[in-house]
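Under the working numbering, the first residue of the sequence shown is numbered 1, with each subsequent residue one higher.
What the hints contain is simulated information worked out from the structure, not anything from laboratory work.
Any given hint could turn out to be false.
[To be verified] Quick list of in silico lysine to any residue cross-link-like pairs, SDA-like style, CA-CA up to 25 Å:
id	residue 1	residue 2
1	K631	Q613
2	K631	V601
3	K631	L615
4	K631	A621
5	K631	R600
6	K631	A619
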Amino acid sequence: MVQRAVRESREARGWFAGRDGETRLGACALGLAVVCGVLALVPRLPFDARWCAVLASASLDILIAVLGTRLYAGRITTTPADRVPLWKTLLGLAQLAFRQKAGKGKRNNTSDDSGEGAQPQAEAIHADVRALLRALPWRPCAVPLLALVSLAYAALAWQRPAFEANAGNAVNAQAPLFVAGACALALAFGVLLAERMYAHHGERSTSAHSLAALLRVLLVAALGAAASVALTAYAGASPTWLVRLVAVLSGAVAIELAARAAWAWFSAPAPQAGEVWTLSSTIAQAMRAHARPFAALDEQLRARYGIDLRQNWALQSFARLLPATLAVMLLAGWLLGGVTILGPDQRAVYERFGAPAAVWQPGLHVGLPWPFGRARVIDNGAIHQLIVSGSAGDDINDPNAGQRAAPTVAQVPADGRTPAQLDRLWDVAHPWETTQVIAGTSGDQQAFQIVSADVRLDYRIGLSDAAARAALYRAVDLDQTVRSIANREVVRYLASRTLPALLDTPQTAMAATLRGVVQHELDRAIGGIEVVAVVIESVHPPAGAAAAYHGVQAAQIRAEASVVEARGFAAATVGGAQRQAIEAVAQGSANGADALAVARVQQAGFDADVIAQGLGGPAFAFEYYLHALQKGLQNANLTIIDDRLASGGRATFDLRSLTPAAAQGVRPAW
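Assemble the whole structure, with the sequences as input and the hints as a guide.
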């Protein structure tokens with residue numbers, strides 16, 4: 001017995017025993033919270049920093065319990081007469097501040113000798129200010145503020161993205177994980193020792209019992225961090241569900257401690273003689289073997305308020321009927337699991353004992369509950385859009401790569417800037433484009449060209465029952481399968497054509513060709529998938545080479561225009577020359593024909609005259625002479641001078657053809 005008493009006395013004087021031990025535990029918890037909190041805020045750590053936030057939150061819970069117990073004890077020891085109202089404290093601080101400011105102004109206007117007497121007065125003012133600051137009622141706000149910080153770290157652990165190990169350099173990535181795992185195990189070992197010591201003294205001290213429960217929360221966080229590090233080193237990814245589960249536990253404990261502290265500070269009665277009040281958590285105390293939180297609540301109500309829940313027949317009936325009620329509720333919930341409600345945009349393939357039995361249309365359906373029956377919900381005519389071309393930086397292992405629909409374009413005014421989704425200028429890099437090397441020509445030689453394309457695919461599951469079964473059972477990931485097939489056909493289509501041919505082909509014709517090819521491949525591979533449309537958003541050279549390609553196109557257009565202009569000028573010149581030659585030949589032929597006709601007419605007339613000469617003799621010759629003379633003098637004004645005309649008194653007849661104008665000028669000569 002003596003040895004046991006000595007051992008218990010030695011244990012009571014341990015490092016964490018007594019009031020000083022609780023102070024040391026609070027200081028250790030504060031240091032651990034600061035270190036883990038700073039690490040949780042550092043970006044790009046080589047291990048999962050979410051566990052640092054969880055450890056900081058659990059450490060702050062221990063600090064909240066220690067500090068809340070001390071502050072409540074200080075409130076009890078302070079009598080109401082010694083408590084100064086808040087408004088009096090603030091008024092005193094304002095008066096001291098005004099006096100200090102006025103004293104500084106006076107010291108600036110006096111000499112150095114008078115300043116020696118003002119120094120003790122300033123020190124007295126500073127002492128009064130410190131006393132008033134200590135008198136401020138800051139204690140009710142300390143525990144809620146720490147609880148808010150703990151809750152903030154728990155929320156940070158919940159919202160922070162998951163950690164992924166660097167698979168590229170496995171050796172360098174494993175070393176920080178081993179160090180973090182060793183630190184987590186060392187922390188867990190130290191927390192386990194402290195928890196066992198406080199659990200041993202928990203029967204004699206309520207504060208030790210409360211701190212032991214909170215140490216179990218920190219122990220769970222440390223062991224969870226070690227397990228997460230091990231899983232990260234093995235699988236390359238940290239389990240998010242484990243981090244969030246421990247974060248929710250720590251946050252719930254912080255909220256409970258803050259609520260208990262507020263209740264104890266404002267409303268709870270003072271403890272009776274021989275009773276020590278401690279800030280504890282029911283959630284934390286439930287984390288032990290054979291935990292009975294309701295029994296502890298019953299004991300506290302009976303000891304403090306005299307309420308014995310065991311004598312309440314209503315509670316006894318409730319406790320007696322609770323197992324049967326829960327069993328009936330579970331059975332009813334399990335049976336209701338066979339009821340399926342399908343919306344207008346849903347269908348379901350009903351499986352009975354693992355085999356597809358029917359395809360349910362929208363409405364209310366009843367089947368066997370799980371695991372005997374199962375309804376696998378699929379779309380009912382919903383159209384999905386896939387970005388077929390994807391992005392150059394898409395990860396092929398990412399199942400969500402390229403499965404995003406184009407973002408909704410907000411309404412813009414008519415004179416506003418074009419949204420980035422609708423900007424199709426060549427000199428701008430567009431999102432969700434892919435760049436591909438295709439065949440080309442450089443003069444008479446084969447070359448390579450680069451083309452950027454943005455292709456979208458709209459598809460839906462067929463409306464027939466066979467199409468629904470095929471889409472559900474013939475593809476594990478329907479979106480990824482459709483995208484892979486469509487991407488393969490788009491790459492094949494682009495690779496079989498040159499860049500000028502792609503730019504000259506209408507996008508509607510290109511989309512129709514791709515739609516038919518993709519539909520054929522989907523029918524052959526899966527079946528039950530209908531390609532609604534293939535949308536060609538853009539096909540153009542890369543953005544960096546757009547200006548150069550524009551220059552090449554402009555040079556080609558100018559060269560082709562020059563060739564066409566030269567050919568037109570040559571055609572016009574040749575046509576003019578041919579026209580002039582034809583006109584000259586035709587004119588010469590006409591002139592020759594006219595001359596030949598005139599010659600023939602003259603020849604015919606000459607032959608006729610020769611014959612007439614032979615028949616008529618001299619009379620014909622004289623008549624021919626007169627006819628020729630008449631013809632020659634037909635349009636001439638003649639004056640006949642003949643002295644023989646008036647000789648002998650003979651009559652003279654003028655046989656000339658005279659016009660009235662010409663006859664006016666005729667005068668007889670005699």
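(message) Hints numbered earlier in the text: which of these fail when held up against the supplied structure?
(response) Structure breaks no hint.
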